[in-house]
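Trainee: The residues making up each chain are set out below.
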Amino acid sequence: MRRLLSGRHIDSHGAPVTTAVSPAEVAFDPAAPWRRARSVALRPEPFGALVYHFGNRKLSFLKSKTLVAVVEALADHPSASATLVACGVGEAQRPAYEKALADLARSQMIEPNPEGTP
Amino acid sequence: MTAVLPSRTPPSARPTTPDRPVGGRLIDQFEYGLDAPICLTWELTYACNLACAHCLSSSGRRDPRELSTAEAEAVIDELQRMQVFYVNVGGGEPTVRPDFWHLLDYAIAHDVGVKFSTNGIKLDRTRAAQLARTDYVDVQISLDGATAEVNDRVRGTGSYATAIRALENLAEAGMKDFKVSVVVTRENAGQLDEFKALTDSFGAQLRITRLRPSGRGADVWDELHPTMAQQKDLYQWLLANGDGVLTGDSFFHLSAFGEALPGLNLCGAGRVVCLIDPVGDVYACPFAIHENFLAGNVRDEGGFQRVWQSSELFADLRNPQTGGACTKCAHFDACRGGCMAAKFFTGLPLDGPDPECVQGYGETALAARDLELVTPRSHIDHSHSGPVRGQPTLLGIPPIPAKICDESPLAGLDLR
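Respectively, the protein sequence lines represent chains A and B. Residues 1 to 118 (this note's numbering) make up the first sequence, in order. Residues 1 to 416 (this note's numbering) make up the second sequence, in order.
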């Protein structure tokens, strides 16, 4: 399965260092409504985007433009699964994208959307 | 033979840039550069109260052309627009700039996090408490010996005591996650466990980085860079302790010993990092303050963004290395040829081995240098021109007494 995401932590000289996943585990439910976390910024890059969390200073790289579109569109849809469909993610790619979203949930880059209704 | 300088191919003669791959490893993406740096180093001033023997930026005296407060604020505004989420601030000693604390607050208020390096001179209890209250700031205290004896020989008499006092103040103020920043030298390479213990005792985090032959570091590199045996020990130590220790990914040349070290094993110069110096000049990396690596100035039209996105030098650096002796080596994928600045300032070709190549090719290359080779030197030197209080003794210069009567109550008196 192609990896769509890399998680890093910023060290000096701009060198990102891999870190352990945050202990505050959030279970990812694709049927629930999600959104990009409010303290997270997305910076477009030629390969996808750089995601930065201002709270825990964690840096992730989205290595697919479709994944960038998915993260940005999460809040507009009743569930993560519906977002994937809306963004044209095919059945075969679904597991890779769900895994990437689960990783993003674990590192608090996306959060449950209390305003969404599943 | 003269030193091999990076060739600057005229645009017309430049080979066509290979296309950026789609997907794949991040490292392969980073070789082609990013739209903005991941984070960058910003030296705020060349002024420094110390005169460390290995100073990478040959700091000491303030440059009269230093960016003004308003110009520095404009740079921060630009970094915010470019979504550079983090800067490493250094110098010189950044805290001796009277507007340092203002600029720190200004950056944080504009979503640009700050990690700054200091020798601790200004970190009294009040400042430590202020920092502990500030979100989104990181402090690292420089220390190049786990004992005063080892540290002060390189950084100057009294500098160990200053650093320890700053660490005590930060710990007492309840500051979280502050760092002790160590440049690994031949003299302190045996103290890694002691550094770890000292750092732990303050509840701080240890950060160790590589000594480069940059700035005044070129004068002491032969004497101070770790031996091959020390490099091997350091590699083993990093494999055993790497999780709890930051390295700025600066030891990626050690990956050629075998197992890759955690982090980004790639020279990020001009690709994902760069340096803004106190007068606004933009260099490919903090260890490359030399006209050959000067990409532009933030005062130029278009500012920093234009330099980062359009400079010819950076465009040249944003290519995977495809030629040179190293690409034929079995370990090339592990070390990627090592550090550009280390090669440059020791007079080695940039597409050949790092002078500290752990496979031994660097030593061979150094030995094969022409006897008449003059290694490149930066013309940018802000070193103190006169004696400095507590001057380092590494170079054999006796320490200067703080007051003349520290040596003898009768010193300097003409009793005739």
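Derived from the structure by calculation, the hints contain no laboratory data. Please read all numbers here as calculations on a predicted model, not as lab measurements. Cβ coordinates follow ideal geometry from the N, Cα and C atoms, glycine included. Keep in mind that a hint or two might mislead.
Quick list of simulated restraints, FRET-style, between CB atoms [as the list claims (entries may be wrong)]: (1) B:E259 <-> A:K65: 31 to 39 Å; (2) A:A41 <-> B:D200: 30 to 38 Å; (3) A:A41 <-> B:D381: 36 to 44 Å; (4) A:P30 <-> B:P262: 29 to 37 Å; (5) B:T126 <-> A:T66: 49 to 57 Å; (6) B:D222 <-> A:P30: 54 to 62 Å; (7) B:R25 <-> A:T66: 14 to 22 Å; (8) B:L366 <-> A:D29: 42 to 50 Å; (9) B:T126 <-> A:E115: 31 to 39 Å; (10) B:E312 <-> A:A41: 43 to 51 Å; (11) A:A41 <-> B:G23: 49 to 57 Å; (12) A:D29 <-> B:M228: 29 to 37 Å; (13) A:A73 <-> B:S310: 39 to 47 Å.
Covered by chain B, according to a simulated footprint, are these stretches of chain A (three or more residues, beta-carbon under 8 Å) [to be verified]: (14) 43-54; (15) 100-106.
Trainee: Please go over all the hints and tell whether each is borne out by the structure.
Mentor: Do the hints match the structure? See the list:
1. B:E259 <-> A:K65: 31 to 39 Å: holds (33 Å)
2. A:A41 <-> B:D200: 30 to 38 Å: Holds - the Cβ-Cβ distance for A41 of chain A and D200 of chain B, about 33 Å, lies within 30 to 38 Å.
3. A:A41 <-> B:D381: 36 to 44 Å: With Cβ atoms ~39 Å apart, the hint holds.
4. A:P30 <-> B:P262: 29 to 37 Å: holds (31 Å)
5. B:T126 <-> A:T66: 49 to 57 Å: At 51 Å between Cβs, range holds.
6. B:D222 <-> A:P30: 54 to 62 Å: Once the Cβ atoms are compared, 60 Å apart, the range 54 to 62 Å for P30 of chain A and D222 of chain B holds.
7. B:R25 <-> A:T66: 14 to 22 Å: holds (19 Å)
8. B:L366 <-> A:D29: 42 to 50 Å: With a Cβ separation near 59 Å, L366 of chain B and D29 of chain A fall outside 42 to 50 Å, so the hint is violated.
9. B:T126 <-> A:E115: 31 to 39 Å: violated (44 Å)
10. B:E312 <-> A:A41: 43 to 51 Å: violated (30 Å)
11. A:A41 <-> B:G23: 49 to 57 Å: violated (23 Å)
12. A:D29 <-> B:M228: 29 to 37 Å: violated (54 Å)
13. A:A73 <-> B:S310: 39 to 47 Å: violated (32 Å)
14. 43-54: holds (count 8)
15. 100-106: violated (count 0)
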